[in-house]
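*Asks:* The numbering of the sequence shown is the working numbering, which starts it at 1 and goes up by one.
Worth flagging that the hints you see were computed from the coordinates, not collected in a lab.
These figures come from a predicted structure and were not determined experimentally.
Take these hints with a grain of salt, some might be off.
FRET-style restraints, in silico, Cβ to Cβ [as the list claims (entries may be wrong)]:
| id | residue 1 | residue 2 | range |
| --- | --- | --- | --- |
| 1 | S113 | A206 | 43 to 51 Å |
| 2 | T220 | R176 | 26 to 34 Å |
| 3 | S113 | H56 | 36 to 44 Å |
| 4 | D101 | D51 | 13 to 21 Å |
| 5 | Q9 | D259 | 50 to 58 Å |
| 6 | A119 | P81 | 15 to 23 Å |
| 7 | G46 | N109 | 27 to 35 Å |
| 8 | A231 | D254 | 16 to 24 Å |
Each residue gets a CB set at the ideal place from its N, CA and C atoms; glycine is no exception.
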Amino acid sequence: MSETIESTQEFTLGWDIGGANLKAALVRSDGMAVKVIQVSCPLWQGLAELDNALAHVLQELGNLATSHVVTMTGELADIFPDRPTGVLEIAHQAKLQLGNDVRFFAGNNGFVSFENIKAHANAIASANWLASAAFVASKLQQGLFIDIGSTTADFVLLHDGMVANIGNNDAERMQREELVYTGAIRTSLMALASSIPFGGEWQSVAAEHFATTADVYRLTGDLDSVEDMAATADGAGKSIEETNRRLARMVGRDAAEADEGAWVHLAQAFKQQQLILLRRAALRNLSRNLIRPGMPFIGAGAGTFLVRELAQELGHEFIDVSSLLKAESDNVRNWAGVCLPAYAVANLGIR
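Working from the sequences, and respecting the hints, build out all of it.
*Replies:* Spelled out as structure tokens, the structure:
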């Protein structure tokens, strides 16, 4: 963020409240991002985690914001009995800390006040992908927008400058592979494959939460350390030695049974298995024939590097979403790309 910010300027603070992370983007009235923050928010551990995360961001940015807009996916956390309850409870906590002027993104219904939350709870639930896609569609006429976060991947076709999704909720989007539960950080490796090549053989994969995709991309060098925020599967550290140990458990071994190169090869094999899942979803969406061959894949999120590889493999142009964003510095622009729903909802919510 710049050293000084004119007090006469108006700023919208966009919030993306997820089940694992909270993201916030402070955006000027002309759409320029001046600060983007991501903090860990393991919501499944209780609403106190959300309170702490909100307070942390407000301490840095709260005095600058003239309005607040919120999108969310945290209602899926298993502390809530159902999605509408989660939406209501998250909205309540947000209102307590952000004030009465906070508005909530309800997809095609626009922004609603806290008083109207109950009537729009289903539209508010997990609508952050639509905020991102609508923003990108305002910049590009055609393409496949792919946002790969810590836990999930969104696939959204853009046609004639419009969002061309079929599904409108999680169930419909999962059925059509517009939403795929695989991400660059938190996905358990047992969800990628039941067997994997190791030591010249096909090795069964342990059906246990021993390691995650963050371990894979830590070893392959794809994951930026500042985005590596989630807790590890065993609660231990993130050194190469500890990462090797977790990965070795996936194939029933100890890290000392092979050299470091073997664990890197294993990580690369798991990466390819995840790319198979992502490629399947991309091809299914492309088969709708709404965009011309070679039209861009627009990558966002911590897993943008995977979108780049998909585009290259399938013969499409690649655009990093950060290149479409207005920001005061390259660092802010890059973070706005990682935290795109927060940036997008702020832009959509500018009065």
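*Asks:* Any hints this thing doesn't respect? Which numbers, in order?
*Replies:* Number 3 - this is the single hint that the structure violates.
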